[in-house]
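Peer 1: Fit chain A to the supplied structure of chain X, relying on the hints for placement.
Protein chains: 2
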Amino acid sequence: MASPLIEPVARLIEAFSRLPGVGPKTAQRLTYHLLRAPEAEARALATALVDVREQVVFCETCFNISDAPTCPICRDGSRDQRRLCVVEEPLDVLALDRTGEFRGLYHVLHGAISPIDGIGPDRLRIAELLRRVGAAEADGRPFEEVILATNPTLEGEATAMYLDERLDGHVGSVTRIARGIPVGGDLEYADEVTLIRALQGRRSLAERR
Amino acid sequence: MASPLIEPVARLIEAFSRLPGVGPKTAQRLTYHLLRAPEAEARALATALVDVREQVVFCETCFNISDAPTCPICRDGSRDQRRLCVVEEPLDVLALDRTGEFRGLYHVLHGAISPIDGIGPDRLRIAELLRRVGAAEADGRPFEEVILATNPTLEGEATAMYLDERLDGHVGSVTRIARGIPVGGDLEYADEVTLIRALQGRRSLAERR
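Sequence order for the protein chains is X and A. Read in order, the letters of the first sequence are residues 1 to 209 in our numbering. Read in order, the letters of the second sequence are residues 1 to 209 in our numbering.
One chain only, chain X, in its complex shape:
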């Protein structure tokens, strides 16, 4: 019995299926879409895929993605050079920077400590972070603040605690992003841990005036 699925189609479905969050059904739909989409659309995607691997490197300073040895953020002299925000992933830089609330520098760890997955501090860009912080300290201009913006997950919290210990005394202050009820969220549906964090993180309204 001949399969009705021809080889190049099967191969594209297979390649799409390997992407995170793309199941076999979605992979099929994407494949059939590209079969009928304008030739240019399929080609643009293929070219972008190759280019992204060939042209994108990691910044030698902060390990964010970059098109040059030093990324646009690290090159930008107008940013606050004394504040450093530590995140897990390049996407986090994008999300935080888009808010405009933070105009300092970043450091991308490329993950979080997770003993279960065999990811210790040595698998992350932590040694590089400590060297960067140490170099600033040695220059007599230590970072005023390092914001630990790892995710509020078990792994992200463990990473933040680990970093806090290592950074303490070498920078002005180590802070952690607030955990609480998301804006637009509903107390009724918040989990217990989030509620506890929201209570612990409560601030006097006078502070906001």
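Rather than coming from a laboratory, the hints here were simulated on the basis of the structure. These figures come from a predicted structure and were not determined experimentally. Just to be clear, a hint being listed does not mean it is correct.
[Stated by the list, open to error] Residues on chain A that point at chain X, a partial pick, calculated with CB under 10 Å:
#1 R11
#2 F16
#3 G134
We put the beta carbon where it would ideally sit given N, CA and C, even for glycine.
Peer 2: Using the frame of chain X, we list chain A on its own:
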């Protein structure tokens, strides 16, 4: 203010965003995944994309996707040559054929009649279907059965009704796939039209024995 998003990354996010069902957040996630995935994974996807467009054609007989002028199903002499199943999309062929319940031939319309979207019968492979059916009739071996397996949507039903009119008298019988409660489904949550169809399509249990 320099954007933290570099050009090749922005371009890949943009290319992914054009795919159906892929929003900007998903496009970002896929892009960052491919930045860190093994080089081979990104390259396999890029190659598969180009190959699928270069190597895949539509079967000259049934208009299913194919790697040759005649597709594997139309080439397969062991299949029932006197039964024809009409579907909207190549994916429908895949879904139906996988069941093993139908071992005849297919005809892919590449859509359904939808006056609102300006899709009339002339935009679909209907003329080719009528020629195919007419040729079999002229050969003195008309199709015994044409199964109309378009979707049970407004457009699919309109297409089935249109085809029924055009095919009537030129084939042994024209049938329509059953509409009803999906297996594992729940009557309580079924919509009214589906319930009506399920009742209209009821069959004597004696038929199944």
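Peer 1: State for each hint whether it applies.
Peer 2: Going down the list of hints, with the structure as the test:
no.	hint	verdict
1	R11	5 Å, holds
2	F16	7 Å, holds
3	G134	25 Å, violated
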